[in-house]
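Undergrad: Sequence order for the protein chains is A and B. For the first sequence, the numbering used here assigns the number 75 to the initial residue and increments by one for each residue that follows. For the second sequence, the numbering used here assigns the number 75 to the initial residue and increments by one for each residue that follows.
Since the hints were made in silico from the structure, they are not lab data. Don't be surprised by glycine CBs; every beta carbon is placed ideally from N, CA and C. Be a bit skeptical, because a hint or two may be false.
[To be verified] Partial pick of chain B residues on the chain A-facing surface, computed with a CB cut under 10 angstroms:
id : residue
1  : GLU313
2  : GLY320
3  : ASP324
4  : ARG329
5  : PRO331
6  : ASN403
7  : HIS422
8  : ALA439
9  : LEU443
There are 2 protein chains.
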Amino acid sequence: MSPRTGTGNTAELTTADGVGSLSRAGDLFQLLRDGKARTRAELALTTGLARSTVASRIDALISSGLVGPAGEATSSGGRPPSRFAFKPAARAVLAVDVGATHVIIAVTDLGGNILTERRLAQDVAEGPEAVLGRIIAEATSLLTETGRAPGDLAGIGIGLPGPVEHATGMPVKPPIMPGWDGFDVVRYVQRSLPVPVLVDNDVNIMALGERTAHWPEHDNFLFIKVATGIGAGIISSGELQRGANGTAGDLGHVRVPRGDEVLCRCGNYGCLEALASGPAVALSLAAQGLKAENGGDVLRLVAAGNLPAIQALRQAGRDVGDVLATVVNLLNPSVIVIGGSLGQAGEHLMAGVREVVYRRSLPLATTHLRIGLSMAGDQAAVLGASQMVTQHVLSPAVIEATLQATG
Amino acid sequence: MSPRTGTGNTAELTTADGVGSLSRAGDLFQLLRDGKARTRAELALTTGLARSTVASRIDALISSGLVGPAGEATSSGGRPPSRFAFKPAARAVLAVDVGATHVIIAVTDLGGNILTERRLAQDVAEGPEAVLGRIIAEATSLLTETGRAPGDLAGIGIGLPGPVEHATGMPVKPPIMPGWDGFDVVRYVQRSLPVPVLVDNDVNIMALGERTAHWPEHDNFLFIKVATGIGAGIISSGELQRGANGTAGDLGHVRVPRGDEVLCRCGNYGCLEALASGPAVALSLAAQGLKAENGGDVLRLVAAGNLPAIQALRQAGRDVGDVLATVVNLLNPSVIVIGGSLGQAGEHLMAGVREVVYRRSLPLATTHLRIGLSMAGDQAAVLGASQMVTQHVLSPAVIEATLQATG
Numbered sequence: 075m076s077p078r079t080g081t082g083n084t085a086e087l088t089t090a091d092g093v094g095s096l097s098r099a100g101d102l103f104q105l106l107r108d109g110k111a112r113t114r115a116e117l118a119l120t121t122g123l124a125r126s127t128v129a130s131r132i133d134a135l136i137s138s139g140l141v142g143p144a145g146e147a148t149s150s151g152g153r154p155p156s157r158f159a160f161k162p163a164a165r166a167v168l169a170v171d172v173g174a175t176h177v178i179i180a181v182t183d184l185g186g187n188i189l190t191e192r193r194l195a196q197d198v199a200e201g202p203e204a205v206l207g208r209i210i211a212e213a214t215s216l217l218t219e220t221g222r223a224p225g226d227l228a229g230i231g232i233g234l235p236g237p238v239e240h241a242t243g244m245p246v247k248p249p250i251m252p253g254w255d256g257f258d259v260v261r262y263v264q265r266s267l268p269v270p271v272l273v274d275n276d277v278n279i280m281a282l283g284e285r286t287a288h289w290p291e292h293d294n295f296l297f298i299k300v301a302t303g304i305g306a307g308i309i310s311s312g313e314l315q316r317g318a319n320g321t322a323g324d325l326g327h328v329r330v331p332r333g334d335e336v337l338c339r340c341g342n343y344g345c346l347e348a349l350a351s352g353p354a355v356a357l358s359l360a361a362q363g364l365k366a367e368n369g370g371d372v373l374r375l376v377a378a379g380n381l382p383a384i385q386a387l388r389q390a391g392r393d394v395g396d397v398l399a400t401v402v403n404l405l406n407p408s409v410i411v412i413g414g415s416l417g418q419a420g421e422h423l424m425a426g427v428r429e430v431v432y433r434r435s436l437p438l439a440t441t442h443l444r445i446g447l448s449m450a451g452d453q454a455a456v457l458g459a460s461q462m463v464t465q466h467v468l469s470p471a472v473i474e475a476t477l478q479a480t481g
Numbered sequence: 075m076s077p078r079t080g081t082g083n084t085a086e087l088t089t090a091d092g093v094g095s096l097s098r099a100g101d102l103f104q105l106l107r108d109g110k111a112r113t114r115a116e117l118a119l120t121t122g123l124a125r126s127t128v129a130s131r132i133d134a135l136i137s138s139g140l141v142g143p144a145g146e147a148t149s150s151g152g153r154p155p156s157r158f159a160f161k162p163a164a165r166a167v168l169a170v171d172v173g174a175t176h177v178i179i180a181v182t183d184l185g186g187n188i189l190t191e192r193r194l195a196q197d198v199a200e201g202p203e204a205v206l207g208r209i210i211a212e213a214t215s216l217l218t219e220t221g222r223a224p225g226d227l228a229g230i231g232i233g234l235p236g237p238v239e240h241a242t243g244m245p246v247k248p249p250i251m252p253g254w255d256g257f258d259v260v261r262y263v264q265r266s267l268p269v270p271v272l273v274d275n276d277v278n279i280m281a282l283g284e285r286t287a288h289w290p291e292h293d294n295f296l297f298i299k300v301a302t303g304i305g306a307g308i309i310s311s312g313e314l315q316r317g318a319n320g321t322a323g324d325l326g327h328v329r330v331p332r333g334d335e336v337l338c339r340c341g342n343y344g345c346l347e348a349l350a351s352g353p354a355v356a357l358s359l360a361a362q363g364l365k366a367e368n369g370g371d372v373l374r375l376v377a378a379g380n381l382p383a384i385q386a387l388r389q390a391g392r393d394v395g396d397v398l399a400t401v402v403n404l405l406n407p408s409v410i411v412i413g414g415s416l417g418q419a420g421e422h423l424m425a426g427v428r429e430v431v432y433r434r435s436l437p438l439a440t441t442h443l444r445i446g447l448s449m450a451g452d453q454a455a456v457l458g459a460s461q462m463v464t465q466h467v468l469s470p471a472v473i474e475a476t477l478q479a480t481g
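Sequences and hints are given; from them, build the entire structure.
TA: Right under this line is the structure:
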């Protein structure tokens, strides 16, 4: 029995007749994305397409640079047939992680391999034109550095530290990003770099990056970022879930029982962020007379073996675990990865998370559940930004549109 | 910009070459599922398939009965070409809703239209052989009643009131179903009715049925059942989400702050089910000296205008809302439907839910959120069971396998 059906596929095909033929051609390329070399005859056999159709599509894919010759097959008499394969190095992707006070810019190939990377100190509160302008300038120099022309760029992926309407790429009332609300990031970037630009919030692309790089076989996957803010990136049935308005995963303002007296900056009491974020833990330590203003201070105290700081970090883990226990019952993931500056700093926070999740969640949901620290670390976001771009620009519909435009 | 890519499609095509050709043939049928009549030439143009391939596949689909002639197109000279369309009445589906104390059996067509329906009083605790034996006997008589032979049956969908491993169809430690743990439902039913049998928990298929029948345009949808148990069916990005082990949506044992003193039958304190389920509300009323043992008693008191019962039902709604506030922040659905015997009984429970969700969830996530009562009512489960079967038996891979077996 194989009850899962390809509904994504079905939905795409039944919307309009035109889409059917688009995905036919795109599929030829999707087959080749696994990197395996094939002859025209093999491709015709596998896809059911006419041999003349296969031949003309392979020509178009070669013109685009996405596919190239890959040696010859064994001949059954006569000139041996040519083989073709996907060339991930054909084009470059610009992957950008905008944080509250930093920007990481990477150039990757279409296979998600990072070719070069640059880190900048940059305050997101300087506004979109300052931040994006600097990114564009640095990107051009990075492309040159890797021997790439702007024309080699397949697309740009950008993660922002706040809610983003993914369909338009516009930030929606982001709390720590003055001047960004409703700013047309895509159009602004495309004025200088006219390629597809995809924008999402940082936690979503961290989830995408961590899962693609380290947990590709896990279709129900959760990434939790614990830093100045707290949020989750959700992958269910192998797909990143953004919800109806793109706000899925916003766990920072879920109520934690312990916090009934603690006022959050959102106006409610007892929000997770008011208890377990970097600034919140620092505040609780400052109240005990310790010198701590932010998450960085907390981590320094913990590294120095300060007992109250260790206890506070573990309690923050319990608070995060309290919310995750509900999430585990609801979504039944097989892996939870904890990242973000506070989250990836070590075992104390994770110990607290594990303690509560394994106590409070259903046994059926936790039997095979793994909870671990981020392995991608501070590269999770750029890896995810690259993945977001290749998912889009190498999709059947976009490949076909590209081929029709260039052919 | 259209950033959502058909990753489901991609994944399917890149697993193995063989799958590519399977989905090619299935796709021809997927096109026709919209009910629109098309000529062979139109199908060849749309799919990119060779005309001879289209002709032989149409012949196979006609042999299967799934597709039939549907008039003629206008001729451009010579004999006018024939048109073909999907025939939803070609086959029948058996849709079964097993509850704690009832069974509903329906016969539908492949379009989800209920042809006939029967309700039985039946205790699930009598065990799988008694319950399934009775279902098989009734099904045979229902098929005869609608003029169908067992050979017309395309598949059987069954919803059970407990956790089910969807891939195998086996119940997994279901609390109210003695004798069912690990029972091979699929094999038992197939001994009498040798067709595809798909099994899932009742809340999942209620979500599928309610959404398919009444909210098809909503891709991020949540169904909450409030009855003897409490659970959720989650549809994200248009797909039912079952999680890594099939336990997704199990909200009954999420902790509610108000309930810290209340012991649940699972051994934890403060579970939602221990506060807001039918028996829990009845217990709280009995403690006030009212005569109430179960959800039915609560509903009778509420219908009679009993003030403590109305207050208790509204408080149960607040408790459910407390958990849903977290779910809304996490999943950002556009619609929440409340069903189940207690849930669909009226406005009091829903008023409590709305009160807390709109107060505690993020404004961004609730701006367009709709919360309503079930419209499918007690047909939600059979509608969903039918939909689960047609999603499977009409999928590209299964259609192709069927055609190859019969052709």
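Undergrad: Please flag the earlier hints that this structure goes against, numbers listed from lowest up.
TA: 7
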